[in-house]
Every structure is written in C-alpha cells, then in structure tokens.
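**Q** For the record, the sequence lines run as chains A and B. Just so you know, this note's numbering puts 40 at position 36 of the first sequence, and the rest follows in order with no gaps. Just so you know, this note's numbering puts 1138 at position 14 of the second sequence, and the rest follows in order with no gaps.
Just so you know, the hints here were simulated from the structure itself, not pulled from any lab data. The reader is advised that the hints may include incorrect statements.
[Stated by the list, open to error] Here are the simulated DSS-like cross-link-like pairs (lysine-lysine), alpha carbons at most 30 Å apart as the crow flies: (1) 1259(B) with 188(A); (2) 162(A) with 45(A); (3) 189(A) with 1240(B); (4) 188(A) with 45(A); (5) 1153(B) with 1240(B); (6) 75(A) with 89(A); (7) 1259(B) with 189(A); (8) 1240(B) with 162(A).
What follows is each chain in one-letter form.
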Amino acid sequence: MRSLRLAAVLLAVFTGSLALALAQGDSRHSGYQDMGPALRKMQDDDTANPAMLFVQSGEALWSQKAGAAGKSCADCHQHATVSMKGVAARYPAVAGETGEPVDLEGRINLCRTNHQQAPALATESDELLGLSAYVALQSRGQPIAPPNDVQLAALRAKGAEIFRQRQGQLNLSCANCHDDNPGKKLAGATIPQGHPTGYPIYRLEWQALGSLKRRLRNCVVGTRAEAWPFDAAEYLALESYLMERARGMAMDAPGVRP
Amino acid sequence: MKRMLCALLLLLPGLASAQQDSMPSLTGKPGDPTRGRAIVANRSVGLCLLCHSAPIPEERFQGNLAPNLAGSGSRATPDQLRLRVVDAARLNPDTIMPPYYRVDGLTRVARNFQGKTILTAGQIEDVVAYLASLKE
Chain A
5 MRSLRLAAVL LAVFTGSLAL ALAQGDSRHS GYQDMGPALR KMQDDDTANP
55 AMLFVQSGEA LWSQKAGAAG KSCADCHQHA TVSMKGVAAR YPAVAGETGE
105 PVDLEGRINL CRTNHQQAPA LATESDELLG LSAYVALQSR GQPIAPPNDV
155 QLAALRAKGA EIFRQRQGQL NLSCANCHDD NPGKKLAGAT IPQGHPTGYP
205 IYRLEWQALG SLKRRLRNCV VGTRAEAWPF DAAEYLALES YLMERARGMA
255 MDAPGVRP
Chain B
1125 MKRMLCALLL LLPGLASAQQ DSMPSLTGKP GDPTRGRAIV ANRSVGLCLL
1175 CHSAPIPEER FQGNLAPNLA GSGSRATPDQ LRLRVVDAAR LNPDTIMPPY
1225 YRVDGLTRVA RNFQGKTILT AGQIEDVVAY LASLKE
C-alpha cells in the first residue's frame, strides 16, 4: 500500500517534470551528441559501427531453431523488422508469464527457457548481446516509451532512490555527475546526461559490445562501491528509472561510445 | 527569553562552522610538496585531476568539475586546505569532493576499500604541502 502511494506520487512527479521539460524546451540529449565527429560517424555508418557485427550474428540467431521445442524466435515473432519495432524502447516491462518486471535480456531469456525450452543465454555473452542488439536496432529512432505499470512505478521509485544515493569510498551518487554536472570534463571524458538510448553499446574502452548493466557496473566500481552481481534487482530498478527519465527520447541503438 | 534562545540556536551552526573551518596537522610533521605533487598527478592514488585541473602541464586530460587548484595556497591556509581534503562535507554537505580521510558514514564501500581512507595521514600532509605551495 505504501509503495503504491509512493508510486502514484512518483508518477505525478515524473509527469509534472516531463511537462515542465517540454514547456521549457527539452535539454535532454543522448551521449551521442557529446561525442566528436569521428565517433558519431562511426556510429552512423553501419559498415563502420562495430556493434553491427553483433547485430549480424543476432539476426542469424533469430531464425535458428534452439532447445527441446525446436523453435526459433522467428517461428513465433516472424520478421523482427516488423514485430520488434519499438519493443526495446519499452523495456523493462512486466513479463506475462511471471508477472515480474524484466529487462530486454531477461525477456529474451524467458523466451529461451519457456518457449524454446533451451538453457538461458549467459549474461554478457555474444549470443545474448547479439540478439539484444538485433532487437534494439528495430527501435532506432523510436521514442523511449516505458509502460505505465504500477509494478514498474514502484521499481522506478527504487531506481530513483539508488540514483541519488551516495555510495562507495568516493561517496558519489549517479546524480552528482549525470544530473548535476553533465557536459563537464571528468579527466578527458565529457560527462554524459546518462540516458540509455543506445544500448547495447560498443564501448571503445571495452573493445566490445556491452549491456547497460555492464555500463552501470563500471560507474559503481568507479566510485569504489561494491558492484552488485549481474542478476541483482538494483540494476533492473536503475534501468527502469533511467528509461523513465529518458521517456520520449529517440533510441539510437546500437550505439558507439568512448 | 524564548526569542533570545531562538536567536542563540540560530547562531550555533554558524559558530560551529566557524570553528571547523580548518584542521591542524594529522601527523605533526611537515609534508613534502614534491611527493604531494606526485599524489595529485596520479589518477589512481590522488584522483585529483579527474575533477580538478592543476598546474601540472605533463598531465593531459584534466577535469573541470571542480575549482582549478592553481593558486590554492593564496586562497586558503594549510589548515583550511587540510580540512577540505580530509572531509569537505563538514563545510558543505552537498559537496561532490570525496572525503579523503574519513571511513564512517559511507555506503556500500567495495570490500577492498572497506575501513580504508582514500589517502593516508602522511599522504594528506604531502598534498596539503603541495597545495599550499601553489601561490598566485
């Protein structure tokens, strides 16, 4: 009951702040706009964007039969270009089967275990990142549109709390940098506003594709706080909050970031 | 009487912060500014250049989230500088400056850093000596 009320209050705050942002001119922008021309070009050019290699393998997996059920993603969802349009822009969402919130990777793995009767794909594996990237690509240019679900509102409230919680030996919150100091330089890097428009991203620092969770982990470790394990509820809460914070912004996945 | 008490209560925080504007040496020994400069320049020890810029020309990519350290010694006394490095939150609870010599009141500190301060008392004194030498 208490969390319901909190959720309602939070929803009101979000709606209010969104309306305010729109009225004042939306100053939100993707980390894409904080990059120099060379990196923007790398992201824009599908033959230069390294994430597209993962998209290709994801596309191949899409129609590959797997598990005891002998089904592929395409057997249920047909053409991803049609059925997956805008889907990544709505996650995390509540899964029909479990009634629990999941992110896109979690949703893919629910399909694996329930419908394909195949083992779940490992966190940050090439297969899971490839499928996520292929699905996310279908939302390019689509506005981020988190579902209006009470359960998600409670999760977002928790995410907002974590976002503002100072942590680690350096005693910093996400908000200290990404709400209060975006655009400034942390050593050589421009601090982005922290919108999850481009995930999974190909990060040059990683020389690899990685999920939003992996990116969040990097920041947590940077503050010298204890990193949550990859299956921790905290990430889902943060992801949900960040998607709400970026509501209406255009997806630019799969992104390239420094 | 009640009004006087209220006025006194309002004054108290001011008095407290005036008393806490500075901090005496942590070691009783003067720090070494050369060692201090090396700590400030080191991105995994002092971490200072992530947020601040400093007159250390050989280090590229310095931050601009926080005041430039050039002229620190003209703006503050060594004792004032020390408090700001040790725990700047005592002056401004909203500061983003990490507490370099405090272990309490922190949340979810990583296992390998638990119970440890960012810098040792000796390192703090070296950094203070370096900052105090930055006169404008």
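**Q** Does each hint hold? Answer for all of them.
**A** Hint check results:
Taking the CA atoms of residue 1259(B) and residue 188(A), the gap is near 26 Å; set against the 30 Å cutoff, the hint holds. Between residue 162(A) and residue 45(A), the direct Cα distance comes to roughly 37 Å. Violation of the 30 Å bound is thereby established for this hinted pair. For the hint linking residue 189(A) to residue 1240(B), the alpha-carbon distance of about 27 Å falls within 30 Å, and the restraint holds. With a C-alpha separation of about 23 Å, the suggested pairing of residue 188(A) with residue 45(A) holds against the 30 Å cut-off.
The suggested pairing of residue 1153(B) with residue 1240(B) holds, with an alpha-carbon distance near 21 Å, which does not exceed 30 Å. The hinted pair formed by residue 75(A) and residue 89(A) meets the criterion: a straight-line CA distance of about 21 Å does not exceed 30 Å. Under the criterion of a C-alpha separation no larger than 30 Å, the hint pairing residue 1259(B) with residue 189(A) is consistent with the structure, at around 25 Å. A C-alpha spacing of about 29 Å is found between residue 1240(B) and residue 162(A), which places the hinted pair at or below 30 Å, so the restraint holds.
Hint check: a violation occurs at hint 2 only; the rest are consistent with the structure.
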